[in-house]
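K.L.:
Note that the working numbering has the sequence shown beginning at 459, numbered continuously upward.
Derived from the structure by calculation, the hints contain no laboratory data.
Hints are supplied without guarantee of correctness; some may be wrong.
Ranges of calculated distance between the beta carbons of each label pair, as one might list FRET restraints [to be verified]:
| id | residue 1 | residue 2 | range |
| --- | --- | --- | --- |
| 1 | Val482 | Phe634 | 37 to 47 Å |
| 2 | Thr475 | Gly534 | 19 to 29 Å |
| 3 | Tyr663 | Tyr601 | 32 to 42 Å |
| 4 | Leu673 | Leu542 | 21 to 31 Å |
Every residue, glycine too, gets a C-beta built ideally from N, C-alpha and C.
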Amino acid sequence: MYICIFSHMEDFFYYFTLIGVGFVVGFINTLAGGGSLLTLPVLIFLGLPPVIANGTNRIVILTQALVGTAGYKSKGISSYPFSLYLGISASVGALIGAKIAVDIKGETFNRILAIILVVVGLLTIVKNKNTVQVIEERVTGKYLYLSIIAFFFIGIYGGFINAGIGFVIIIFLNGFNRISLIKTNATKVALIAVYTSLALALFAYNGKVDWIVGLWMSLGTAIGAWWSSRWSVKKGDRVIRIMMLIMVIAISIKLWFFD
């Protein structure tokens, strides 16, 4: 049994803080990824046990994914039905990953999270040097089937922690499927919306979600995701590359100098 500091607190300053953090996360997650590297530590700092913070974070992820998808679609950017195929495959994996996360000990979760953040950060730094820009898409035939298999395993990771998964998805879709960065982001948020909905349901079923904290943070996330999805379409691929670089630098600083 845990006690969240928001359970008996009426001070709206703290709710405003949740909204503010949510806005930043919605913005950076929709443009590049890595927002969970901010929300997970914040939620744990606010008093939520690691597993419950992980489950609560899925409300934020789902909100920004749904709003981001709507934002891209309003600008005519979509990869349907490709994103749906990958989303279904990732959903199967996400249920497996979420089940593991629900049963894992908090201390073990923290150690795994620390290792994963380092690996994802290094992988992103290496890939950013060779980002594909002008290319012909590979989303049918063997490329589709291989992508479906790959996203099953990506889904396992997404269901387990999800932190930094945006980078992994961008690297795969842009490098393997040769989808432009703008369309890659539209695909990313769409399939994340699909598999996160199932992962959230599993966490909720096991009582690992703080709905009050999650919904307040999601309010800010919705605003950030909508704004960044439409803004990035106007600015083009360049702004996404810049945001990815900024996030990599920020994550590296956090990993090396802060707990």
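K.L.:
Taking the hints in turn, state whether each one holds.
P.N.:
So, going through the hints one by one against the coordinates:
1. Distance hint for Val482 and Phe634: a CB-CB separation of about 30 Å, inconsistent with the stated range 37 to 47 Å.
2. Distance hint check: the CB atoms of Thr475 and Gly534 are about 36 Å apart, inconsistent with the given range 19 to 29 Å.
3. Distance hint check for Tyr663 and Tyr601: the Cβ-Cβ separation is about 35 Å, which falls inside the suggested range of 32 to 42 Å.
4. In this structure the hint that Leu673 and Leu542 lie 21 to 31 Å apart at CB holds, the actual value being about 27 Å.
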